[in-house]
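There are 2 protein chains.
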Amino acid sequence: MKEVESILHDKNVRPTAMRLLVYQILSENKNAISLTDIENQLKTADRTTLYRTIKTFEEQGIVHPIEDGTGITKYALCAAYCNADKHKDLHLHFHCKVCEETTCLTEYSIPQISIPEGYITEDINFTVSGVCKKCNQG
Amino acid sequence: MKEVESILHDKNVRPTAMRLLVYQILSENKNAISLTDIENQLKTADRTTLYRTIKTFEEQGIVHPIEDGTGITKYALCAAYCNADKHKDLHLHFHCKVCEETTCLTEYSIPQISIPEGYITEDINFTVSGVCKKCNQG
DNA sequence: TTAGATAATGCAATGGAAGTGCATTATCCT
DNA sequence: AGGATAATGCACTTCCATTGCATTATCTAA
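If you're matching them up, the sequences are chains Z and S in order. The first sequence begins at 648 in my numbering and counts up one residue at a time. The second sequence begins at 648 in my numbering and counts up one residue at a time.
There's no promise every hint is true.
[Stated by the list, open to error] Subject to a maximum C-alpha distance of 20 angstroms in a straight line, what follows is the list of computed EDC-like cross-link-like pairs (lysine to aspartate or glutamate): (1) S:K702 to S:D684; (2) Z:K735 to Z:E754; (3) S:K780 to Z:E754; (4) Z:K744 to S:D657; (5) Z:K702 to Z:D770; (6) S:K733 to S:D657; (7) S:K744 to Z:E754; (8) S:K744 to Z:D770; (9) Z:K780 to S:E769; (10) Z:K781 to S:E769; (11) Z:K780 to S:D770; (12) S:K780 to Z:E705; (13) S:K781 to Z:E764.
[What the hints assert, rightly or not] Derived coverage of chain S by chain Z (criterion: at least 3 residues anywhere in the stretch with Cβ under 8 angstroms from a Cβ of chain Z; other residues may be distant): (14) 665–679; (15) 697–706.
[To be verified] Partial chain Z-side listing against chain S, Cβ under 8 angstroms, derived: (16) T703; (17) K744; (18) K780.
Everything labelled a hint here was simulated from the structure, so no lab data went into it. C-beta atoms are modelled at their ideal positions from N, C-alpha and C, and glycine is treated no differently.
Generate the whole structure from the sequences, applying the supplied hints.
Below is the structure:
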């Protein structure tokens with residue numbers, strides 16, 4: 648826990664009890680999770696607090712949001728080397744339509760692309776949906 | 648208009664007056680638009696009807712949904728050769744954070760990618776957000 | 001061409017996620 | 001320890017997505 652505290656500190660986020668818990672939950676879930684998921688795993692906390700906690704985490708490069716096509720934003724921890732200025736950990740995301748789990752395919756990075764002259768890239772979201780290995784075998 | 652009618656017919660969608668109007672609106676907008684946008688441009692129609700019309704269009708490969716990071720799903724017409732089974736017109740999408748417009752970059756196709764063994768790909772969403780040319784120059 | 005089956009539409013209402021304002025409480029720094 | 005600043009919790013609000021049901025339109029087959 649001491650460790651998490653210093654991670655938050657390094658990213659300029661006050662390590663409050665609530666935030667440590669949210670971080671904990673995010674690190675324990677191997678999948679990307681929604682605000683509601685966090686809320687369900689932390690019954691004591693108010694939804695607004697969680698909402699703002701995630702917002703802060705996002706702004707400071709601690710988590711990245713994932714639009715998986717369900718309309719519900721999911722979140723997952725960023726790599727240690729991400730920061731407020733830039734999310735450097737750009738990888739594919741996969742959403743399974745059967746088990747509804749959304750996972751980071753951290754081993755699969757987003758390919759280099761070109762966009763039209765004059766456009767500025769700030770964020771990239773590359774999500775593949777279909778059936779995951781687990782559900783495909785079942 | 649006769650033309651649109653046959654397009655719908657070819658995709659197994661009954662060409663009702665309402666649907667022709669929705670198609671018309673989609674084809675007149677060069678950007679991807681939301682359900683609410685359509686609703687505003689067609690005051691006479693009930694939102695539910697538009698909702699189900701878009702749903703039908705989506706299922707039959709007439710429009711494709713775009714998750715641009717705003718949490719509001721946008722829609723744009725598919726290429727003629729898309730159908731209910733497969734959306735073959737896979738291109739990048741760009742969302743401008745300044746003017747909030749979401750556009751299809753039909754000239755920029757989604758690069759070939761590999762996903763883990765055992766996974767099945769059904770849909771792909773590749774959206775870049777930032778600042779578009781128009782806003783960058785302004 | 002018309003009857004009957006089937007599909008589309010409109011209305012009313014619900015659910016759920018996202019977001020805001022404000023008062024209270026905790027945290028950090030000196 | 002004290003005071004500025006930030007975090008939290010509560011009460012709302014807003015907006016998009018979605019459903020059930022009654023009504024109306026459309027298509028097909030006799």
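Checking against the hints above, which ones are violated?
3, 4, 7, 12, 14, 15 and 16
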